[in-house]
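Participant: The residues making up each chain are set out below.
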Amino acid sequence: MRAAVVSDYGEPVRIVSLEIDDPGPNEVLVEMRASGVCHSDWHAVSGRLPLPVPMVLGHEGAGVVRKVGSRVRQIQPGDCVVLSWIPSCGSCWWCTDGHPELCERANDAAVNGTLASGDKRVRWDGTPISVFSATGTLADFAVVSERSVVTIPSDMPFEEASLLGCAVQTGVGAALRSPIRPGDTILVVGAGGVGLNIVQGARIRGAAKIIAVDLSATNRELALSLGATLTINPAKDDPLLAILDYTHDRGVDVAFEAVGQVELVALAFNAARRGGTAVAIGVPAPNENLSINAFAFPSQEKTLTGSWYGGSFAPRDIPRLVELWKSGHLRLAPLIKRRYRLDDTPKAFEDLISGRGGRSVIAW
Amino acid sequence: MAIFESPESLHAVLGTFFERLRQVDQAYLVYQIGGTLEFIFNKPSTRIRWIPQPPDSALPFRIAYGEPTEPVLLTFEQDGDTAHRFWLGRVNLQQALARQQVIARGPLSRAMKLIPHLDTIYPLYQEHLVAIGRSDLLEVRR
Ligand SMILES: [Zn+2]
Ligand SMILES: [Zn+2]
Numbered sequence: 001m002r003a004a005v006v007s008d009y010g011e012p013v014r015i016v017s018l019e020i021d022d023p024g025p026n027e028v029l030v031e032m033r034a035s036g037v038c039h040s041d042w043h044a045v046s047g048r049l050p051l052p053v054p055m056v057l058g059h060e061g062a063g064v065v066r067k068v069g070s071r072v073r074q075i076q077p078g079d080c081v082v083l084s085w086i087p088s089c090g091s092c093w094w095c096t097d098g099h100p101e102l103c104e105r106a107n108d109a110a111v112n113g114t115l116a117s118g119d120k121r122v123r124w125d126g127t128p129i130s131v132f133s134a135t136g137t138l139a140d141f142a143v144v145s146e147r148s149v150v151t152i153p154s155d156m157p158f159e160e161a162s163l164l165g166c167a168v169q170t171g172v173g174a175a176l177r178s179p180i181r182p183g184d185t186i187l188v189v190g191a192g193g194v195g196l197n198i199v200q201g202a203r204i205r206g207a208a209k210i211i212a213v214d215l216s217a218t219n220r221e222l223a224l225s226l227g228a229t230l231t232i233n234p235a236k237d238d239p240l241l242a243i244l245d246y247t248h249d250r251g252v253d254v255a256f257e258a259v260g261q262v263e264l265v266a267l268a269f270n271a272a273r274r275g276g277t278a279v280a281i282g283v284p285a286p287n288e289n290l291s292i293n294a295f296a297f298p299s300q301e302k303t304l305t306g307s308w309y310g311g312s313f314a315p316r317d318i319p320r321l322v323e324l325w326k327s328g329h330l331r332l333a334p335l336i337k338r339r340y341r342l343d344d345t346p347k348a349f350e351d352l353i354s355g356r357g358g359r360s361v362i363a364w
Numbered sequence: 001m002a003i004f005e006s007p008e009s010l011h012a013v014l015g016t017f018f019e020r021l022r023q024v025d026q027a028y029l030v031y032q033i034g035g036t037l038e039f040i041f042n043k044p045s046t047r048i049r050w051i052p053q054p055p056d057s058a059l060p061f062r063i064a065y066g067e068p069t070e071p072v073l074l075t076f077e078q079d080g081d082t083a084h085r086f087w088l089g090r091v092n093l094q095q096a097l098a099r100q101q102v103i104a105r106g107p108l109s110r111a112m113k114l115i116p117h118l119d120t121i122y123p124l125y126q127e128h129l130v131a132i133g134r135s136d137l138l139e140v141r142r
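Protein chains in written order, with our numbering: chain G, 1 to 364; chain P, 1 to 142.
Keep in mind the hints are simulated off the structure, nothing from the lab. The hints are all genuine.
Computed cross-link-like contacts, SDA-like style, restricted to lysine to any residue with a CA-CA straight-line distance of at most 25 Å:
| no. | chain 1 | residue 1 | chain 2 | residue 2 |
| --- | --- | --- | --- | --- |
| 1 | G | 120 | G | 80 |
| 2 | G | 236 | P | 46 |
| 3 | G | 236 | P | 7 |
| 4 | P | 113 | G | 295 |
| 5 | P | 43 | G | 263 |
Covered stretches of chain P, as calculated for chain G (at least 3 residues, CB under 8 Å):
| no. | stretch |
| --- | --- |
| 6 | 72 to 82 |
| 7 | 97 to 104 |
Positions of the beta carbon are idealized from the N, C-alpha and C atoms, including for glycine.
Next comes chain G alone, as it looks inside the complex (with noise of 0.2 Å):
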């Protein structure tokens, strides 16, 4: 099979030929029918995010069941799924805690670049190698525990489908485990793949008002069609005077950062009420460090804290948000912008990074 694998840090995306195993006991075979090119996959290419190398990448997929372990009975071939980067264990401390989205076997997994049960399935010249964070969906197949996988409606497009593999889950999810009450105002830092579904998730909670800040028209534009009701280019104006003019020098009630630079999460704290949430959704390199005013903490009362995966629970949370796609609440094609083949991954990249906006999706 075809996969877009990073064999170094800092080397090009390359598409090479690789040998799949058959799914284990727990795992399933999932034929690729889409795949969304996230920002953390570059991370990954350029060494940001630290994960073993080599590695298929790709973790927002969608696809067709052709394969199932001997002790699945759940998914049959045949299934559509959409794959799920964190397959919670449901018995570790994290998960029994009530936060599968920091299970503790998957994390494992994903450091450790294995499938949840620490096998590899994926194989180069006879090497077992990794794939990102339990999934590697940038591939004509994956092989994934059957905790990865939750099915959807049979007509359902898989490029929509694939978007609820992360970005949709990671930036509808923080909204709705935000503070966020219907009437406030919400403030959005970067609103790309996640940052707009975000602005959705603020909306369908029922924020009143919606600032997005981003350096791309594109995605001002996306943002303002999806519910924002103020965008700010920080090229042209300064991000936090322009929100303290909207808010009346008050600041918003929940700020979310989905960029991973620590002076935006600053902005976003700093762009915080009294009593206000900043959320920080972005992931930086694991050894930034973050400059605030700690004064703010007790004198104003403000919170700062932060999301992974949105809080989601895959199981849980892809049926209700195919529910809120079918309902129209939330809209998965605008999003959108680009597709492309799989042998065409690495231009996806270079347009990723260079800024041009909307998210781009791989397509069989």
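Place chain P with the ligands on chain G using the hints.
Facilitator: Here is chain P with the ligands on its own, set in the frame of chain G:
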């Protein structure tokens, strides 16, 4: 767009305002700080200091531009836009510190002695803008 596009344009407005402040009744408040007060500006990047002079001097402090060559007691760092809004009376210092719009270094309590008098100083900045022909700067976007 930034209010001050260059250090020169900031000096022409805020610098001349500070020069003028040396001649008003409140100028003697500078002695309550007890040392040099420096404003570090970003966007545009420049520095202006208030340097207290001996009590028998004609004016209580002098204005210096650029890198300091003498010891500085207290600094306030901010963007040109924030500084302009501050002197218009549109910035709450406590809020601005919490939002990192203003970064203060040194004994902040010394500067706090000026705070109760700011309400009498803000109108002087507005008068100054009119006097130098920059009444276009009186309104900030809302
Ligand atoms: Zn992602
Ligand atoms: Zn677990």
